[in-house]
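Student: Chain residues, written in single-letter form:
There are 2 protein chains.
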Amino acid sequence: MADRAALEDLVRLQGERVRGLKQQKASTEQIEEEVAKLLKLRAQLGPDEGKQKFVLKTPKETLTGKYGEDSKLIYDLKDQGGELLSLRYDLTVPFARYLAMNKLTNIKRYHIAKVYRRDNPAMTRGRYREFYQCDFDIAGQFDPMIPDAECLKIMCEILSSLQLGDFLVKVNDRRILDGMFAICGVPDSKFRTICSSVDKLDKVSWEEVKNEMVGEKGLAPEVADCIGDYVQQHGGVSLVEQLLQDPKLSQNKQALEGLGDLKLLFEYLTLFGIADKISFDLSLARGLDYYTGVIYEAVLLQSPAQAGEEPVGVGSVAAGGRYDGLVGMFDPKGRKVPCVGLSIGVERIFSIVEQRLETLEEKVRTTETQVLVASAQKKLLEERLKLVSELWDAGIKAELLYKKNPKLLNQLQYCEEAGIPLVAIIGEQELKDGVIKLRSVASREEVDIRREDLVEEIKRRTSQPLCLC
Amino acid sequence: MADRAALEDLVRLQGERVRGLKQQKASTEQIEEEVAKLLKLRAQLGPDEGKQKFVLKTPKETLTGKYGEDSKLIYDLKDQGGELLSLRYDLTVPFARYLAMNKLTNIKRYHIAKVYRRDNPAMTRGRYREFYQCDFDIAGQFDPMIPDAECLKIMCEILSSLQLGDFLVKVNDRRILDGMFAICGVPDSKFRTICSSVDKLDKVSWEEVKNEMVGEKGLAPEVADCIGDYVQQHGGVSLVEQLLQDPKLSQNKQALEGLGDLKLLFEYLTLFGIADKISFDLSLARGLDYYTGVIYEAVLLQSPAQAGEEPVGVGSVAAGGRYDGLVGMFDPKGRKVPCVGLSIGVERIFSIVEQRLETLEEKVRTTETQVLVASAQKKLLEERLKLVSELWDAGIKAELLYKKNPKLLNQLQYCEEAGIPLVAIIGEQELKDGVIKLRSVASREEVDIRREDLVEEIKRRTSQPLCLC
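Here the protein sequences line up with chains Z and X, keeping their order. 238 is the number that this note's numbering gives to position 238 of the first sequence; each next residue is one higher, with no gaps. 3 is the number that this note's numbering gives to position 3 of the second sequence; each next residue is one higher, with no gaps.
It should be emphasised that the hints constitute simulated quantities derived from the structure, not laboratory data. A portion of the hints provided could be inaccurate.
Straight-line distance between alpha carbons at most 25 Å, and here's what the computed DMTMM-like set of lysine to aspartate or glutamate pairs gives [to be verified]: (1) Lys72(Z) x Asp90(Z); (2) Lys263(X) x Glu382(Z); (3) Lys60(Z) x Asp119(X); (4) Lys403(Z) x Asp143(X).
Derived, one-sided and incomplete: chain X residues facing chain Z with beta-carbon distance under 8 Å [as the list claims (entries may be wrong)]: (5) Asp143; (6) Gly273; (7) Lys333; (8) Lys379; (9) Glu382; (10) Leu385; (11) Ser389; (12) Cys415.
All C-beta atoms in this analysis are idealised placements derived from N, C-alpha and C, irrespective of residue type, glycine included.
Using the sequences and the hints given, assemble the complete structure.
Tutor: What follows is the structure, given as structure tokens:
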């Protein structure tokens, strides 16, 4: 649905005359340049004609000013007409734009689609420039932390059911981070860049992060140390309660709000039975600008421990948070729609699953075919076609070899290779007797089944739910 | 899977050094220009280092020279680096490229993904510039017409199960068209452009098409009349047999092969029980260059006839054909992999379904939620969270309102609006008694169910398969 909106943008942009310029909030030089160009273009086109049906929105404007330092990874394109375009960086910003444009104040949806980042790819770790994201979001004005808890529940459900091994969801809150920066004496203008430094703590040591803060970003050493005292802490709800008593932090309104919400969140997560998967981690910062409240990130604690397996370093496999201001950035009147959501890193998870299957030497079936329609003699193509069609019409997943006169051995071999469990064999004798020989590929047992009972028998034998892998 | 290949292309193109230039078959000026640019770029980069791991392929080269007159609709883009890129026009060419690059000689797959065309959009008829295609293809060297018949069977199955009303699949063969052009005296160089004229016969009269052939494309009137005698014919297998006896057409080798295959195809389609849906139509031409054999196109015979409904003109809703030469165009040694496939026009079909539902004033459920967890009194949020979590864990599709103390009436109203069939109501008395009140939204009947039996009872009541619409 966000796609439809993105499409309509493209169409408006390219198929229609420039009729007006949307009010904009973003304020980079780039945007100003574009606006100048577009105004020039508009002047060339002459005065507006007819009704004001279409509003021009530059796709690039949609994306800029939302991602912080990550903005450099936005994939820009120029189309034939020379207009500036970008490929979407995530599904969150397009979702927010969709809500604003359609004046939706209330929706819960998932969306699986591709996004693009001009990043350094690392194939083996599932890092690509074009990749799928799977997002789930809840938008609307609700009572605190109920949708947030549902997002974390869904994240845990997904990761558990994929059997990726043990995982942990780190949780923090932007308001706690901002409050902590304020009480430690970080100047307002440096909040975001210091946030980026903190975000590196899952990869490098505190010493290195401190050096960056002091050396590169100009923080006083004692300010950095104050941050260090906080961000090196992590724990459960008891850490939340401890910080609620922290003499400095509890004086900060923002931090207090964040801590209060986290306490409530832990209550709900306990009711959802997932509190043991959650770690309140003050070093979790998340790079993106648009988060306003709770943020979270799921990390695998180890690669699934199988003998001889190399650990796959895939980093975080799911992440998200609350972004209450993003929809308002797209609404002409700035009307806010609070949102909370999560993204699943599909490719990263695939890397892990694929590597696990490789290690286990598990064979992966690439089809769900239940039965191969085969023949024991020549000249039975017509009979095979008739039977396979009967099975298809009955909802059975059936195949046949696309050969006029395939050898029985080749047909059986195909089943072995493709993992097809059953073979329905037609022979001249069987045709006379009104039966079909049903063979189990695994046990090699064969029984004659009356043709009218074949569908039921195949359904009975293949009724076990298929394994996901 | 074709996406992964497309991605790898982008990555190679942009993330790696230029290491070589792929042999190319396309020969437009554009391509030559690009090659010159790339050679220049390569020279700037200096001599190759290390192993020849990556082969550069220009994405634009992949798309040019495959679509005939439709090529003007390819959506071109320029990226930041100035390389020429295009968005994919369909899923067929990327599929063929994928087969060639991975040296696959044998595969059957479906693929649902977006394609892009710089065409005039018509929203109400489901024509967009960015839209989904749903493709099914069978690649490999097989006995004639068996995979082709399966493609047509699948097309009919899909269209029947979507209940779009009556439809017809027009079938023809490129070899019959080419043979017909040859015996009528069309110069070889004009085959493709005359093919495009013939393709318009579903929209305009023969007189207009003839005028185009003679006036614009310079055919002699008697040549056009000869074509006219053929292309105005359509029918079943009897027309195939009649043309096999046609004194002129039967002398043409290509036409004879095409007619022979169509005869066989009709035999198989009869065995598949769909021959009555198929019309051999000599005016069916299909615009794309890559087809080499049988071609087909499904059209709805009428809009689903409901009183007061405006007919939706959506044109063809599915189409496809055989393309035996396309994979070879991407293989350095020109190795061919015969392919046949079909595309479903998802958006066009959505237009029809949406309009039908609107006419019928049928309410469309946007969720599959089976039960809402509600409370009859205040202060039961915790109990609601606990119960909804239990239901989720048992695989039940459950929801709750994200409010601390919602009114029962509001909760019931939400179910009416969202089409949720059941409400699980928690009250203080029920908690004491260890039961949950299960209410049917439609009948308003309420029964107390023991909590441990709730999951089974909900499953029992919602076990009817969901309607697709």
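Student: Hints first: check each against the structure and report whether it holds.
Tutor: Hints, verified against the model:
1. Lys72(Z) x Asp90(Z): holds, 14 Å
2. Lys263(X) x Glu382(Z): holds, 14 Å
3. Lys60(Z) x Asp119(X): Holds, at about 22 Å.
4. Lys403(Z) x Asp143(X): The given pair, whose Cα atoms are some 5 Å apart, holds under the 25 Å limit.
5. Asp143: Result: holds, 5 Å to nearest chain Z Cβ.
6. Gly273: Since chain Z brings a Cβ to about 6 Å from glycine 273(X), closer than 8 Å, the hint holds.
7. Lys333: Violated, about 24 Å.
8. Lys379: This hint is violated: lysine 379(X) lies away from chain Z, its Cβ roughly 13 Å from the closest one there, beyond 8 Å.
9. Glu382: This hint holds: glutamate 382(X) lies near chain Z, its Cβ roughly 6 Å from the closest one there, short of 8 Å.
10. Leu385: holds, 4 Å
11. Ser389: holds, 5 Å
12. Cys415: Violated, about 15 Å.
Consistency with the previously given hints fails for numbers 7, 8, 12, ordered from lowest to highest.
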